[in-house]
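Here the protein sequences line up with chains Z and A, keeping their order. For the first sequence, the numbering used here gives the first residue as 105, with consecutive numbering after it. For the second sequence, the numbering used here gives the first residue as 137, with consecutive numbering after it.
Rather than coming from a laboratory, the hints here were simulated on the basis of the structure. Please note that a few of the clues may not be correct.
[Said to hold, decoys possible] Here are the simulated lysine to aspartate or glutamate pairs, EDC-like style, with alpha carbons at most 20 Å apart:
no., chain 1, residue 1, chain 2, residue 2
1, Z, K385, A, D395
2, Z, K529, A, D211
3, Z, K242, A, E197
4, Z, K194, Z, D278
5, Z, K381, A, D211
6, Z, K340, A, D296
7, Z, K529, A, D395
8, Z, K209, Z, D188
9, Z, K385, A, D307
10, Z, K319, Z, D424
Chain residues, written in single-letter form:
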Amino acid sequence: MESTESYEPDSLSPAQMAALHRSLRGSPSGGPSGVLPGARPGPGRRSVLRAAGGGLLAAGGFGALSACGIPAAGKSEGGIAADDRSAKEKRLAFSNWTEYMDVDKKKRRPTLDAFTKRTGIEVEYTEDINDNNEFFGKVKPQLAAGQDTGRDLICVTDWLAARLIRFGWVQKLDPAQLPHAYANLSAQFRSPDWDPGRAYSYPWTGISTVIAYNKKATDGERITSVSQLLDEPKLKGRVGFLSEMRDTMGMVLLDLGKDPAKFTDDDFDAAVARLQKAVDKKQVRRFTGNDYTADLDKGDLAACVAWAGDVVQLGLANPDIEFVVPESGYITSTDNLLIPNKARHKRNAERLIDYYYEPGPAARLAAYINYVCPVDGVRDELAKLDPEAAANPLILPDKAMAAKSHAFRSLTPEEETAYEGAFAKLTGS
Amino acid sequence: MTTRSEAAPPGTDEAPARPARRRGRLVPYWLLLPGILWLLVFFALPLVYQASTSVQTGSLEEGYKVTWHFATYWDALGDYWPQFLRSVLYAGAATVLCLLLGYPLAYLIAFRAGRWRNLILVLVIAPFFTSFLIRTLAWKTILADGGPVVGALNSLHILDVTSWLGATDGDRVLATPLAVVCGLTYNFLPFMILPLYTSLERVDGRLHEAAGDLYARPATTFRKVTLPLSMPGVVSGTLLTFIPAAGDYVNADLLGSTDTRMVGNVIQTQFLRILDYPTAAALSFILMAAILFMVTFYIRKSGTEDLL
Numbered sequence: 105m106e107s108t109e110s111y112e113p114d115s116l117s118p119a120q121m122a123a124l125h126r127s128l129r130g131s132p133s134g135g136p137s138g139v140l141p142g143a144r145p146g147p148g149r150r151s152v153l154r155a156a157g158g159g160l161l162a163a164g165g166f167g168a169l170s171a172c173g174i175p176a177a178g179k180s181e182g183g184i185a186a187d188d189r190s191a192k193e194k195r196l197a198f199s200n201w202t203e204y205m206d207v208d209k210k211k212r213r214p215t216l217d218a219f220t221k222r223t224g225i226e227v228e229y230t231e232d233i234n235d236n237n238e239f240f241g242k243v244k245p246q247l248a249a250g251q252d253t254g255r256d257l258i259c260v261t262d263w264l265a266a267r268l269i270r271f272g273w274v275q276k277l278d279p280a281q282l283p284h285a286y287a288n289l290s291a292q293f294r295s296p297d298w299d300p301g302r303a304y305s306y307p308w309t310g311i312s313t314v315i316a317y318n319k320k321a322t323d324g325e326r327i328t329s330v331s332q333l334l335d336e337p338k339l340k341g342r343v344g345f346l347s348e349m350r351d352t353m354g355m356v357l358l359d360l361g362k363d364p365a366k367f368t369d370d371d372f373d374a375a376v377a378r379l380q381k382a383v384d385k386k387q388v389r390r391f392t393g394n395d396y397t398a399d400l401d402k403g404d405l406a407a408c409v410a411w412a413g414d415v416v417q418l419g420l421a422n423p424d425i426e427f428v429v430p431e432s433g434y435i436t437s438t439d440n441l442l443i444p445n446k447a448r449h450k451r452n453a454e455r456l457i458d459y460y461y462e463p464g465p466a467a468r469l470a471a472y473i474n475y476v477c478p479v480d481g482v483r484d485e486l487a488k489l490d491p492e493a494a495a496n497p498l499i500l501p502d503k504a505m506a507a508k509s510h511a512f513r514s515l516t517p518e519e520e521t522a523y524e525g526a527f528a529k530l531t532g533s
Numbered sequence: 137m138t139t140r141s142e143a144a145p146p147g148t149d150e151a152p153a154r155p156a157r158r159r160g161r162l163v164p165y166w167l168l169l170p171g172i173l174w175l176l177v178f179f180a181l182p183l184v185y186q187a188s189t190s191v192q193t194g195s196l197e198e199g200y201k202v203t204w205h206f207a208t209y210w211d212a213l214g215d216y217w218p219q220f221l222r223s224v225l226y227a228g229a230a231t232v233l234c235l236l237l238g239y240p241l242a243y244l245i246a247f248r249a250g251r252w253r254n255l256i257l258v259l260v261i262a263p264f265f266t267s268f269l270i271r272t273l274a275w276k277t278i279l280a281d282g283g284p285v286v287g288a289l290n291s292l293h294i295l296d297v298t299s300w301l302g303a304t305d306g307d308r309v310l311a312t313p314l315a316v317v318c319g320l321t322y323n324f325l326p327f328m329i330l331p332l333y334t335s336l337e338r339v340d341g342r343l344h345e346a347a348g349d350l351y352a353r354p355a356t357t358f359r360k361v362t363l364p365l366s367m368p369g370v371v372s373g374t375l376l377t378f379i380p381a382a383g384d385y386v387n388a389d390l391l392g393s394t395d396t397r398m399v400g401n402v403i404q405t406q407f408l409r410i411l412d413y414p415t416a417a418a419l420s421f422i423l424m425a426a427i428l429f430m431v432t433f434y435i436r437k438s439g440t441e442d443l444l
């Protein structure tokens, strides 16, 4: 401002002056660029503020910093129950993954509706689980503080279920309320090492991790082993692996002839090195979550490690998609129903678990979602609904299929950190 | 300037003006209050919390305690400097591309668009009507291996050049650095165009005429008049583009591969997957410090501190 004033010629009229100011400043009202330089505090006030701020930070900051901290995860054996309002309130909040419930043409959910009709229990069904890690981050604050999450029933994968049980963040189930579940649970899912005898959890579905490929993208060649994924030059840059550490590393371990149920640190390192070599020579395109299905469908991924349920659904729409169970075996896991601490409607939740272990509802669910059905005795029911699904070993595993299935062993917290760290390095971060 | 405009014209009685002035002096603070409270609750407090987390040690089982373990910072920097470097590189490349694409467009909207001006502005903002994720996923379809874009680039041998530069890999674009930079450029382009437009729009057209009267060629007019006057827009546009792009992880996640992961991906992985909260917090602070340092240097260097 000062500088412009010294150039003001006397002869200009007020209007001309205003115009000159306007063009110099940018806008008549002195918009942002005009008003800001003047509004800036002088150096004196600024340095005072800065000093005061610095002092405050130094004094308060360090105090506040050391006051923070995260308490140890609760260790409450058997979980913390809230007073069960199931008898008074006929409802229940169920959090599940997307595409994990049967839906009819009118966008209603037939099996859930039948449950409500029979028991009078309204189910608030929410599809708010997209990723185990993300979901854990979401419910951790409440569970760690011993608070109600607002959910009566959740569905998470084995390793997260194991962690929640280890932390004592889920409630023990009452076997007396689960007659069907107890009687009909398939033998292969009965006693995982992280929940022997299924005291806390029941499987919603079984997940098979297999190899899938797009016939068109591989020029008709069959892809039958993980070795082929890792080495076949024709597939360079068009191979996908899953970002779930256990699924990917389990398949590589099997390919190396190791048993994912009892491998050692050295075995794991060998598997990481094997995969790292393929990553380094740019054989592997990406490590993906659920989004591999779109890539495989388009052919951007020619072959990948995939979840069987997805492949069945994808194969219905695209005849080029094929799956293979490798000779070396495949990884099975489950998504499990659990009742978090402080859930208000535990009894209602247990009724829902038991309901889905009756052959009728179980068959209807399996026919829709195409994942492995963990319920014995559904074959006849399923054959009535969908004979093709009943004959599909990816939905109802036959003897030969079951013999090739392997579970990834549960990990200690230290192992989990180390393995996830090594796997993250492998995937680039 | 403020003091001058507030000063009473000479000759008027000063007594009644004083209480009004005192009240007036408090008004800015009242206006600031909501913003300050917001910053305190949603920026300052989380910042203190994260600062504390970054110097803690422990595990989820044992709980975390503040042990002033500053080595986390060195370890994080030692392990993840390539991702930091990559973030700066990609964000920088995206910012330059945004400027090259955005400046001509902003110039066109400001000076040449006429009655189309509003329509073009709406078109610039239109991508924001859909979600960030959907927009990024659309690029997977656009750049698909067998798609027309990649086919055209291949037949023009452009991909041979970019492959030689290391920006692409063979005959594909997806899952390469080029795809990530394209995604970043696309997603942050409006943040470049809008500030450029607002500063260009304020340039008085008569200055161009005056420059012409003084025998400046159009190029000289642009160099000596338009460009200097639009510098505030350039600076704020580059900052608005560079800062969020450097911390972005969605583009690298969806369009990239293992060798294109940026620091945002590392922070996400550390926080959600490995549950190493101290390292994640330390990485966030390093990123913040690095950006703050670069921005300060940039503003000093470009000499437009007064115009921000």
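**Item:** Unsatisfied constraints (hint numbers, rising)
**Value:** Violated hints: 5 and 8; rest satisfied.
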